[in-house]
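Enquirer: Two independent chains are provided; combine them into the complex using the hints.
Residues per chain are reported as follows:
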Amino acid sequence: MSLRSNKRTVDLQVITDWVTPSSCVLDLGCGRGVLLEELAQQKSIRGIGVDLHFDKISACVKRGLSAYQSDMMGFMAEFDDHHFDHVICSRTLEEVDRPNEVIAEALRVGRSLTVGFANYGYWKNRLDSVLHGRKPQNEVHPTTWQESRPANPLTIADFEAFCADQGYQITRQVHLRGDWKTPCSFARNLRAGYALYELSR
Amino acid sequence: MNDSDPDSIDALPAEPGEVGLVAPVDYVSDEPFTFESGRTIPGFTLRYETYGRLNAAGDNAILVCHALSGDHHCAGFHSLSDRKVGWWNNIIGPGKALDTNRYFVLGCNVLGGCQGSTGPLSVDPETGQPYGINFPIVSIRDMVRTQERWLRAIGVTQLAGVIGGSMGGMQVLEWGITFPGFVRKLLAMATTARESAQAIAFNEVGRQAILQDPDWNEGNYASGEGPRVGLAIARMMAHITYLSDASMARKFGRRTVANSKESTGAFDVQFEVESYLRYQGKSFTNRFDANSYLYITRALDQFDLAAGPGSLEAALQPVTADALVVGFTSDWLFPPNQNRAIVTALLRAGKQASYAELTTDLGHDSFLLESPELYALVRDFLAS
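Protein chains in written order, with our numbering: chain L, 285 to 485; chain R, 36 to 419.
No wet-lab data here; the hints were simulated from the structure.
Keep in mind that this is a model prediction, so the values were computed, not measured.
Be a bit skeptical, because a hint or two may be false.
[As the list claims (entries may be wrong)] To give a feel for the contact side, a few chain R residues facing chain L, derived at Cβ under 10 Å:
id : residue
1  : Val308
2  : Ser310
3  : Ala380
4  : Leu382
We put the beta carbon where it would ideally sit given N, CA and C, even for glycine.
Bound-form chain R, shown alone (with noise of 0.2 Å):
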C-alpha cells in the first residue's frame, strides 16, 4: 500500500454526506529522526488516510490527531463488508462539520502506535528483530514532529485546523507550540495540558497489569502472541474511565446476563457490565500492542507543557494560531478545569482562545458524542 494513489479512492462513489471507501496509505522517511530523549532511528514509516482533496495551495488540510487507542482510519470503510466505520465518521464527511468538499481532512497514527506506524512493533534494522522495549521513549511532541514531517512531504502547505479529543488534544496544542506558523486554528477538545495524579494512577495501574503478566516477558514476544491478560485489564480499567457513572447506569444498570452452558461457578459474568468489559478488554488485544500501550501512556503521563518554560502561558507563548478548547461536564479523566486551564493560559499570554463546555453525561468520550450543538461550534470555528 506504499504507493496507492489516494485519489483513486474517490472515484468510487461515495453515499451524500458519507467519505464511504477508503484506503490507508505509508508515508516512508528515509532520513534520521531523533527523539526528544535524545535516540535516533535511521527512518520512519506514518500510516494515514486522507478523505477529501488539497487545493492547489496546500493550504486546506485539516489534521485529525487520534486519542490513546485510536487510529488512522478517522471516517468511511475498508471494504463493503466492513461493520464498522472510522472511529471520527460522524464528523468527517461532505456536508459534515470536517466537510471534506472544503477541506483535506487525514489522519495518520501516531509514532509508537501499532497499527501501521513505526513503533515498538516494528523491526530494528540494526538487530532485524523488532524493538519491543528497545524502541526510544516517545513524547507527544515527537508524534506531531513526525507528522510535520509527514505533511510537508505530501505537499501541506499549511494545516487550516489541527483537531483532536484527549491525547489528540495534546497534539493539537503542541502543533500550536512547536509549528506555530504551519497551522492555523488549534481545536482541542477533553485534554489537559498536564495529567492528574489520578490519570496517572490508572494508567500506571494499566501497565503493571502488562508488566506483571509473565506473557510480556520483558517486552519480548512473538507478534500475536503477548501479554494478552494483561492487556486486557489494562484495557478494560481504562475504558471505565472513558466513561461515566450516569451513562454506565443507563447503558448497563444492574441487568444480568442469562447463565451460560458452561457456567463453572460464582465469578463468571453476572451482570451485562462484566459482559460489556470482557469484551472490550478481549477484542482489544486482537488490535493493540502492549508494548506500544506501555509506550502511549507514558508519552500521556509525561507531557507536561509548563514543567519546561516553567508556566503554561510560557510554553503558549510561540502559539500564533486561533484556538478552541471544548470541554465536557462529565468528563472525570480530564475534567473541564483542566481544558479551562489552558485557555486562560492562552489569554493571559495575549492568545485567541475560546473555552465551551457542552453538558454531557457521557463521560470523557463525550468528544466523540453525536451532537448537532458540537457539530455546529466545530464547523463555525474552523470557518471563522
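Chain L on its own, in the form it takes in the complex (with noise of 0.2 Å):
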C-alpha cells in the first residue's frame, strides 16, 4: 500500500471509529464522498457532504450520496442548532476563510465537531524553513510551493490553544507521527505529522 493510500485509510478508520451507527452526519468539504461512502458502509448514517465543486459533487452523486454545492457558511446558515449528530472537516480547515467562525458554526449546528488536520509544527518543517529556509516539503507536507492550494497551516499547538480559548471541549484526539501509522503520545507538536480532535461545546 503506497503511503498516499495508507494516510487515507488511517484518517478514515479513526473518523469512522468515532461516529456513532444510524447518525446524521454533515462532511464538510466532502470531496469526492470517499469518507461518507465509507461511514455509510460502515455505520449506516445519513450523511450530507457539501463541497464547492461540481465534478466533487457529481461524483458523490455517483457514489449513491447526498452532496450539496455550496460554500460551508451559507449551508449550515440554513439549519437548526444540532440538527446534525456529528460534523466533520477532515483535511479541510487550512483552506477555509476565518476558520474560528466555521468551528463556532459546526458546533452550533452538530452536536459534535470532528476535526483533523497535518500539523504544521512537525519538526521537518521547522528544520525546512529555519535551516533551509524553504517551504516545508515532506513526508506531512508532500507538495511543492508551485503546486500547492492556498492554504492557512496550523500546528497542533495553535488548534489546542484556541480550543482552550473558546472554551471548547476536546472529547476525544489521536496523533500520529509522520508515517500517519504510529501513535505520537508525546511532545506532539513537535513529533506529529496528523492530528484528529472531536470538539463539542
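Expert: In C-alpha cells form, the structure reads like this:
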C-alpha cells in the first residue's frame, strides 16, 4: 500500500470509529465522497457532504451519496442548532476563510465536530524553514510551493490554544507520527504529522 | 391516433444514439376528474410519446415533464421531413443520459395545454363549444394527478424517475409529494418551490398583452384565430427571461439586419435581436393557444408548496424518493438560491437530497444545454 492511500485509510478508520451508528453526519469539504461512503457502509449513517465544486458533487451522486454544492457557511446557516449528530471537517480547515467562524458554526449545527489536519509544527517543517529557508516539503507536506493550493496551515499548539481560549471541549484526540500510522504520545506538536480532534461545546 | 401501438415505432431502424421516428399517442380517461379548485370534468385526454420499452415489472419508466411552452414531443422526429427533433432530444436516446435501452422514457402534454391534451381548446361536452376561459383553473398538482392516472392505465407500476426543468421541475416536486410511493428518483432543474414577485410580474405582463388584445374577446375565439398580437408579445417578453445578458450579447450583439425592400420607417426591425424576437413571437402563435398560456402561467404563479403546510419542509415531508436539484448560475428567472432552498428544505426534513450547480451563461434555458457534465450527473443519479 502506498503511503498516500495508507494515509487516507488511517484517517478514515479513526473518524469512522468515532461516528455513532445510524447518526446524521455533515461532511464539510466532502470531496468525492470517499469518507461519506465509508461511513454509510460501516455505520449506516445518513450523511450529506458539502463542497464547492460541481465535479465533486457529481462524484458523490455517482456513489449514491447526498451532496450539496455550496460554501460551508451558507449551507450551515440553513439549519437549526444541533441538526447534525456529527460534523466532520477532515483536511479542509486549512483551506477555509475564518476557521474560527466555521468551527463555531459547525458546533452550532452539530453536537460534535471532528477535525483532522496535518500538523504544521512537525519537526521536519521546522528544519526546512529555519535551516534551509524553504517552504516545508516532506512526507507530511508533500507538495512543492508551486503545486500547492492557498492554505492557512495550523499546528497542534495553535489548535489546542484556540480550543482552550474558546472553551471548546476536546472529547477525543488522536496524534500520529510522520508515517501517519504510529501513535504519538509526547512532544506531539514537534513529533506528530497528523492530528484528529473531536470537539463539543 | 387513439389506439396506435407505441411498439410499432420501434420497428423502424433508428440512427445509433437517436430514438428516430416517433408518433404521439392519446390516453383517454372516461372517469371524471376533479380539479384542486373543486370543479369536475367528465374525463380528459393526455397526449404522450414514449421512447424505449416498459419492462415486465413496469418499473423502468422515466417521466419527462415539460416547461410552460413545451409539449409531449421530447425526442426523435415525427416524419422524415421533420426539420426539428423533440425539445430534449440531446438527453433522450439509446446510450444517452436518459438511456432508452434501459429506461422507458415518457413525455406528455400537460392538462390545460394545447398540444393535444385536454385544455381550453377542448370541447366542453356540456355545451358542445370549446371550454375557452370556462375551463377550470389548473394547478401543477392537477397536471401531476392526471399523469398518475395515465401512467397506471398504461401499466407503469413505479417510476424509476421523474425529471424536468422550470415548470417541469415543479411537477417533479409535486410528484414526490403527492405520489411518494410511485417514484424512486426526483430530478428537478432550474426550478422553484414558489415563484418570486419578479417571475409573477413577467407572467402578468404576458397575460396583460393577451387580455388587452381585442381579438382575445373574453377568451371566445375560433380555433386558429385569437389574440395573435398579444400572444406574440407575451412570448417575446418571456423569451428574454429565458436567456441572459451574456448569451444575448454573444448571439446577437448589436448586429443589425439589412433593410427590407418594403421598409417604411425608423421602427422597422433594425437589430438582429429584434428580428429574432419577432420571429419567436410569431412562430409561437402558430403552435400555442392564448387561453392555454393564461391558464398555465396562472398555474405557475399559484404554485407555492409552502403555502398550505406552512413551511417548505412540512410540504416535503411525504417525499420518499432521492432528490437531485440542479441550478444554473446565470438563471435569473428561477435563480440558484431558489433551487438550493428546495434541497435545504428536503435535508431539514431528513430526506436524501443533493444540489449541484452548473456555471453557464445561457440563463434559465441552461437546463437544455448540451453539457457532458450535466449528462453524466443525470445518468449517474438515475443509476445510483
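Enquirer: Which hint numbers does the structure go against, in order from smallest to largest?
Expert: Violated hints: 1 and 2; rest satisfied.
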